[in-house]
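Chemist: Spelled out, the chains give:
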Amino acid sequence: MNYKETAVLYLVCVLTFILSGFLLFSKNISRRLYLLTIIAILCIEGAYIGIRWFDTGHPPIFGTFEATLCASWMLILFSVLIDRKAQFARIVIPIAALTLFYGLNFDKTGKPLVISEQSYWVYFHALFAWIAYGFYIFSFAGAVTILVNQTTPTPLFTKEGERGGVDLFTYQTLLWGFFAQTIMFALGSYYSIRLHGSWWVWDPVEYLFAVSWCLYAIPIHGRILYGWGPQRIAWLILLGMVGTILFYWGLIYFPWATYHIFDTELKIH
Amino acid sequence: MFKGFISFFGSRQLSIGLLIAGAIYFFYLTILWFLNMRPPAHFMVWSPLLVIITPFFANVLISLFTRHYAYTGNILFHAGFFIIAIGVMLSLLYRFEGTTVLTEGAVFWGEKNNYITYNRKDNFERLAPKVSLKLDKIVPEYWGERLHFIRLDGEISYPAETLENKGVVRLNGGLKVNGARMRHSGFGFAPEILLEDVKSGLIRRQTVVMRLFPPGSEDYLELGSHKIYMQIFSDPVAEKGKLQNRSMNLVEPILRVRVTWLGQPIYEGVLKKGEVIRLGTTNMSFTGVKYWLQIEIERDPGEMGVIIGFIALLAGLLLRLVKQEIKQKA
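Order-wise, the sequence lines are chains V and U. Going by our numbering, the residue at position 74 of the first sequence is 74; the numbering climbs one at a time, nothing skipped. The number in our numbering is simply the position in the second sequence, starting from 1, with 1000 added.
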C-alpha cells in the first residue's frame, strides 16, 4: 500500500470518526451535512476499494482488513440508501467507524487470492454476507431505538422514528437480512460442494452461521405465529447481533484453524 | 391419540422450540470446536441432530398439510427443506466418489484399478462415471517464494481414447465430464528412479509418488531391507556449504538421500540427476522429478435436488418479502 492509498484510507477513517463524534455528542446535526458527509465517505472509501481491487486483482474479500473495509462501506451505502433522514445514524455510523478501526489493526498488504478463493461464487458469497450484515445492523439499530424509547419519554430521534415506523423498519430489515443471509449460505454451500465435495463442512463458521440463522428466525416466527410485540422482537435481535458480532469478528482469536480464510497472518487455511 | 400427535408435532410452540434447540445445538458444536474436539465423535453430532431434525420435518410437513403457512411464499420456503432433504438422500444413496493420483503424462482409464479409493465397492459398474483422461501438464504458481498458491492447474485431454477435448482440473472444481465433477485435492513431487539389478542386468524405471512437497519435506520408499529417505531441493543453491531452495519451482532439482539397511544408516548424501548409488546388488539413480496431482472424481445425482431446494427456499422468502411490501404500500 503506497502513501497515497494510505492517505485516502486515513481520510475515510477521520471523516467517519468525526461524523460519529458529531452524531453521538451533538443534539442537532443538519440532515444535509450528514448526507453530504456520508456520500463523501461512500465515494472516497469506494474509490479506495476500487484502487485496491485494481492493485490486487480481486475484490476485497481476503483477510480481516478487507472484510472490515467492505463491511463498513456497506453500512455507509445502506445509510445513503435507506437512512437519509439519519434516524439510525447515531448507532450505524459509529458501528461503521468501529468496524473500520478494528480492521486497521490487521495486515493491510494487498495479497493475491489463494486458489480456493478464486471464484465468482466466493465473491458473491462475500457480497451477500456484507448485504446481510448491513440489514442486520440496521435491524439492530431499530431494536436499540425501540428499547431506548421504551424507557425514555422523549423520542431519541426524529418524528419518523416513532414506535410504529421503527417497529416496521426493524422487522423489514430483519427479513431482508435473513433473505441475504440465506442467499449467502446457498452460494457458500454450492461452492463447498465444488471445493470440498460436500454441501456442509463441520466448521465453526458454518456452525455460527446456523446459530445466527436460527436466532434470527425466532423473532420472525414469533411475530408471524404469535404476533410478538416490538420489545420482545428487539431483545431477540439484540441477542442475535451481539452473538454474531462477537463470534464472527472474534473467531480468529481462537487457536484452531477454520476452512474459511479470515486472516492469513493468524490462521492457516 | 393421533389427533394429539398431529396437534403436538404441528404446533407453533414446537416450531419456536425447535428453532431455539437448533441455535443451542450449533452453539454446542461451536463450543466443541473451541475445546479442540475436531471432529467430535459421531454420536455427539448425530444423536442431538436427529432429535432436532426428526420433529422439525414432522412439524414442517404437518404445517404444510394443516395450512399453518398462510402465504405461498411460506409454503414454498418450507417445502424447500423437503426438496433439499430428498437431494441429500439421493446423494447418500447414489453419490460416487473416487480418488486417483496421476503424474504428468499419465493416463486414467476410469477402471476400478485406476482409482486409489472409491466409495461404491459393490455398485462400481452402475455408479462410476464413464471418465477417462490424460493429464498433460501440471502448472503451479506461487505468490513470490511463499507457500501461497495463486494457480494450480491440471491440464487434461479427454477422453483418453481420442484426446479430442481439452480441459483444466482445478481445486474448486468446475470441470464436468459425463456428469462427473473433477477437482484436485493433493499435489506434490514424484521423483523418477532408475533401478538396475547388477546381477541380472534388469532395469526398472519408476516414477514414485511421494509426499515431498513443500521442498524440505521428507518421505521414504522401501527397497527390500533398504529404507530410502528422500528430500527434494527443487531449485537448489548452496549457501555457506548448506543446501537451500531458491524457489518451489523445478529447476535442476536434486535429492538428498539417506539410506538405512535393517534400521542401520549406511548412506547419506546428495544425488544429482544421473548419479548412481549402490544398494546391495542394485544400482539406484535418479533421472528427474515430475509433479503429481490427486484428482477427485465425483458424480452426485442428488446435486440438482439440493440446488432446486435452495432455489425454492429463496424464491419463497423473496415472494413473502415482496408480497408483504406490496401489502404495506397498499
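To be clear, the hints were calculated from the coordinates, so they are not data collected in a lab. There may be inaccurate statements among the hints.
[As the list claims (entries may be wrong)] Okay, the calculated bits of chain U under chain V, using three or more residues with CB under 8 Å as the criterion:
(1) 1012 to 1018
(2) 1051 to 1060
(3) 1146 to 1157
Each residue gets a CB set at the ideal place from its N, CA and C atoms; glycine is no exception.
Chemist: Are the hints correct? Go through all of them and say.
Modeler: For each hint, the structure was consulted:
no., hint, verdict
1, 1012 to 1018, "holds (count 3)"
2, 1051 to 1060, "violated (count 0)"
3, 1146 to 1157, "holds (count 5)"
Consistency note: the structure conflicts with earlier hint 2 alone.
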